[in-house]
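Undergrad: Sequence:
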Amino acid sequence: MRFSVITPVYKAEKYLRNCIESILKQTFTDFELILVNDGSPDNCGLICDEYALKDNRVKVLHQSNMGVSIARNNAIDVSNGEYLVFVDADDLVRNNLLEELNLCISNNGCDVVIYGYDIERKTKKEQVIFLEGYDTEEIKEILVGDYWDNMPWNKCIKRNLFKGYKFEEGICYEDYFLLPSLIFNAKKINIIQKSLYIYNCVNEHSITKKQDSLHRWFKWNAKKHNEYFAKLNSLKCLRICEKNTIAEARRCMFEHYFDNKLGEDRIREIKFYLENKNHIRGKDRFWIDRILNDDIFVCKLYAILKGYHRC
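All residue numbers for the sequence shown refer to this note's numbering, where the first residue is 51 and numbers rise by one.
Keep in mind that a hint or two might mislead.
Simulated crosslink set (SDA-like; lysine to any residue; CA at most 25 Å straight-line) [to be verified]:
1. K109 - N145
2. K269 - H329
3. K216 - K269
4. K311 - V348
5. K281 - N326
6. K208 - Y307
7. K104 - N124
8. K327 - L342
9. K238 - D127
10. K269 - I330
11. K281 - G332
12. K238 - D185
13. K244 - L181
Bear in mind the hints are in silico, worked out from the structure with no lab data behind them.
Fair warning: this is a prediction, and the values are worked out from it, not measured in the lab.
Please construct the entire structure, taking both the sequences and the accompanying hints into account.
TA: Pasting the structure below:
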């Protein structure tokens, strides 16, 4: 089997049928669809079972609510496809997604394929297309440096790359943790310069709607992980990784000054990281000092002026 399409399902009843239909209408048919009902309290489980009865390409896993990481990991464990494609339950795919992926893989023998996508918002739409012309090593640097967001749903990944790797369980931004280091093992990466995925930013239950300090802390940890990975592998993107991690630490603390969700241990961890950045100068140095000196008034004022916090 060429592809396993993996879709974790939780509180997506409003969008799920359209998502499944967009996958089953693929012009390339050598695939399985693995739906993982993550203990969804609505009718998602029934909808998944309904499609499994209608189409033998659909496989359904039911689990108690354990999160998207465990859902993806369990699906990977039972998958049969040579390549894995990830689709969120509130999103859509173009009906030629798998055909385009198969053509790219057949022509180039690649381990990873990255493709463009549309972003659907309430007020506007946006299209993201990645430029061709980068070689594999350059793309690895781009992903570790977070120049392109590290989400799984616009990437087709050879299943054997997951050997020894799993999505981190019990955290947010698990994809930011995993994908750069996992894809770093790819021998060849290709880009399809087309939009083949439609990402839904409207779903109120989406994790992207949650931007409190605790969620920011997990994102900061992911960026810190990639910074250390870049340092360990002597990558050119180390400087931008460090800059991104410092900026996320600052944003996380700004949010905490409003919602007080971090707790002493997490605050101490951020400050320990910043205390070891003595070589940093300029604007970043200014804000590091403000945080280390607990200059909460200045930080809150800046956050309000920049619109970082919705007051």
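Undergrad: Could you tell me which of the hints above the structure violates, numbers in ascending order?
TA: When the structure is compared with the hints, only number 6 turns out to be violated.
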